Structures are given as C-alpha cells and as structure tokens.
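Undergrad: 1 is the number of the first residue of the sequence shown in the numbering used here; add one for each residue after it.
You may find that some hints are simply not true.
To be verified - Derived DMTMM-like pairs (lysine to aspartate or glutamate); straight-line CA-CA distance at most 20 Å:
(1) Lys210 <-> Asp270
(2) Lys153 <-> Asp270
(3) Lys114 <-> Asp291
(4) Lys153 <-> Asp138
(5) Lys114 <-> Glu126
(6) Lys114 <-> Glu102
(7) Lys210 <-> Asp233
(8) Lys210 <-> Glu185
(9) Lys210 <-> Glu263
(10) Lys210 <-> Asp163
(11) Lys153 <-> Glu126
(12) Lys210 <-> Glu149
(13) Lys210 <-> Glu182
To be verified - Label-pair ranges, simulated between beta-carbon atoms:
(14) Asn227 <-> Arg49: 23 to 29 Å
(15) Arg23 <-> Leu133: 18 to 24 Å
(16) Arg177 <-> Leu197: 39 to 45 Å
(17) Leu133 <-> Arg49: 34 to 40 Å
(18) His37 <-> Glu207: 50 to 56 Å
(19) Asn7 <-> Glu207: 49 to 55 Å
(20) Arg196 <-> Ala152: 37 to 43 Å
(21) Asn227 <-> Leu133: 34 to 40 Å
No lab work stands behind these hints: they were computed from the structure. Model, not experiment: these values are computed from the prediction. The C-beta atom is built at its ideal place from N, Cα and C for all residues, glycine as well.
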Amino acid sequence: MLKDNVNDLLSFMVVARERSFTRAAAQLGVSQSALSHAMRNLETRLDVRLLTRTTRSVAPTAAGEQLFQRLSPHLLEIEQELTALRDMRDTPAGNIRLNAGEHAMSSVLWPVLKPFMAQYPDIHIEVTVDNGLTDIVDGRFDAGVRLGEQVAKDMIAVRIAPDMRMAVVGSADYFSRYGVPESPEQLASHCCINMRLPTLGGLYAWEFEKDGRELRVRVEGQLTLNNLPQRIDAAVAGLGLAYVPEDTVLDAIADGQLVRVLESWCPPFDGYHLYYPSRRQHTTAFALLVDALRHP
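Hey, can you work out the whole structure from these sequences and the hints?
TA: Shown next, in the form of structure tokens:
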C-alpha cells in the first residue's frame, strides 16, 4: 500500500506540475495509458478526485492542488538530500536546466558549454532557448540568462559577458537606393526588419540613446522575423535595415556585406548575467558551471 501510494504520488506531482499526461509520461519514462491508469488507481485508493481531465488538458482539482502544494516542499528537501549525496562522489555529476535567449546561447553559453561538458562527462545540461521573459522558478529551471537590467532584484546575478552594443545595419545597395538615416526618427521612412516579442506579442521598439536623450522607435517594414541569423541575412540581401547585437555583424561589416549607421546612437549597455533564486541550494555541478561562465 505504502509503496504503491509513494510511486503514484510522485507520478501525480509530475502530472500536476506539467499539466499534461504527454509531457509527464515522457519525463517519467512510462506510457500515457499506464500513467492515466495509475492516477485513477490513486484517486480510488484515496477516495478523492485529484485531477480534472478533458480531451485537451489536465489540471489539479482543488484537492489535487492542495496536495501538490503540501508535498512540493518535502519533495524539494528529498531532492536536495539526494543531491548532497551525489556531491560526495569524486567525479562531479548531476543535471542542470538552463533558460537563455538565442543570442546569449550562441555568443556566451555555447562556447563555454562545449569544453565544460567534455571536462565533466557526468554533468548533464539541458538548455531551453527562449527569447521570452520566462519565469525560471515556475519553469523549474536552475538558472536563466538575461541582460543585467532585466534581472529581478530578488535573484542572484553573476555577470557572464562584457557590456554589449546594438547596431543598425543594411546593405550598401539598400542605402544607395533609399539613402542613409541621419537620426533614429528618420527610420520611420525606411523599410526595417521587425522582431515580435514572444512575451507580450508586440513588435520590438528599437532603443537608442545619445547625450542623455533616450528614444524608442517603432519601425515598419515588409518583414518580421524572430530568428537572429535570418534578420541578418535579410539585411545582407537588401530587404531592409536590421537592429541586432553588434558582435553578430562585425565580420559582415568588415567584409562589406553590411554597412553600419546611427552608431553614435547605440552606446554600450549591461551585458548578460546568469541569474538564479537565492533561496535554492545548488549542487557542486552547478557551482562549477557558474565559475566556468563567470566573466573576469
């Protein structure tokens, strides 16, 4: 009885957290039908309905949510104790889940992760690339990567990259046809390549600053892309002006594929930080990764 309840309760916690039999079954390594059967057996033994099921979703009932909230702290304590035991091994091991944007992943994380994982083969890392402002606590990530100004005050933040700059770029052919903007306001008469914000759903307003004057310019154009390499490629192809991190276009500027404009309106700003909840007890594996990423 105890063994069955413990196993099924652990399964229930994953279903309640994921709000999906499909995702929960994948995490638990069981079939959806077996998981659904286990949940029905648990509800029968406890004589209370824990989950509300529809053809498209699953969610805890009031009783299920109460059970989930009460068990979560205890399961976290168990996880921390098991983690402490793993940390007693001679070889660092463990699982780390990270959340980062596309540019942060390619420019900061990936160059460090490749040698790090070769050095520590028993440390397993999962990175979710997401350009939205994801809640890492709700998403059960160990840490996330954001620009310094975007990190919440209640988080521990570790700088992992130098200051950044943005760049407005276009092809020489584009500027020969449509002229060169002399100020951010003149971008209103240009064809610009937009990016839609995944969190709020609106189009990103290009940000500028000069001599203490700040401007946010909402641009228009034929093309909207969320993928950074494609925005750069579209600018090279003469389809419009792109507003992108400076480091991603330095080579294209150097070889003449792109021309930079409005450079004096793009000052440096706080670069990427790794951030995580201060209350969490982290593993030796996590501490090693933080040290590897830390910017000197």
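Undergrad: With reference to the structure, classify each hint as holding or not holding.
TA: These are the hints, each one checked on the structure:
A distance of roughly 16 Å separates the Cα atoms of Lys210 and Asp270; the hinted pair therefore holds under the 20 Å criterion. Between Lys153 and Asp270, the direct Cα distance comes to roughly 15 Å. Compliance with the 20 Å bound is thereby established for this hinted pair. Distance check on the hinted pair: Lys114 and Asp291 sit about 15 Å apart at the alpha-carbon level, within 20 Å; holds. About 17 Å separates the Cα atoms of Lys153 and Asp138, which keeps this hinted pair within 20 Å; it holds.
Only pairs whose Cα atoms come within 20 Å are accepted, and Lys114 paired with Glu126 is accepted, the gap being roughly 13 Å. Taken as a hint, the Lys114 and Glu102 pair is honoured in the structure, with Cα atoms around 16 Å apart against an allowance of 20 Å. The suggested pairing of Lys210 with Asp233 is violated, with an alpha-carbon distance near 28 Å, which exceeds 20 Å. Restraint check for Lys210 and Glu185: the C-alpha separation of about 13 Å stays at or below 20 Å, so the hint holds.
For a cut-off of 20 Å, the pair hint linking Lys210 to Glu263 stands: about 10 Å separates their Cα positions. A C-alpha spacing of about 17 Å is found between Lys210 and Asp163, which places the hinted pair at or below 20 Å, so the restraint holds. A hinted pair counts as satisfied when its Cα atoms are at most 20 Å apart, and Lys153 with Glu126 does not qualify at roughly 25 Å. With a C-alpha separation of about 18 Å, the suggested pairing of Lys210 with Glu149 holds against the 20 Å cut-off.
A hinted pair counts as satisfied when its Cα atoms are at most 20 Å apart, and Lys210 with Glu182 qualifies at roughly 13 Å. Checked against the hint of 23 to 29 Å, the C-beta distance between Asn227 and Arg49 comes to roughly 44 Å, which is inconsistent with it. Range check, Arg23 to Leu133: about 22 Å between beta-carbon atoms, so the 18 to 24 Å window is met. Between Arg177 and Leu197 the beta carbon distance is about 30 Å. The supplied range of 39 to 45 Å is therefore violated.
Leu133 and Arg49 have their C-beta atoms about 35 Å apart, which keeps the hinted 34 to 40 Å range intact. Under the hint 50 to 56 Å, the C-beta atoms of His37 and Glu207, about 53 Å apart, fit the expected range. Checked against the hint of 49 to 55 Å, the C-beta distance between Asn7 and Glu207 comes to roughly 52 Å, which is consistent with it. Checking the proposed 37 to 43 Å range against Arg196 and Ala152 shows it is violated: the Cβ atoms sit about 23 Å from each other.
Asn227 and Leu133 have their C-beta atoms about 18 Å apart, which leaves the hinted 34 to 40 Å range violated.
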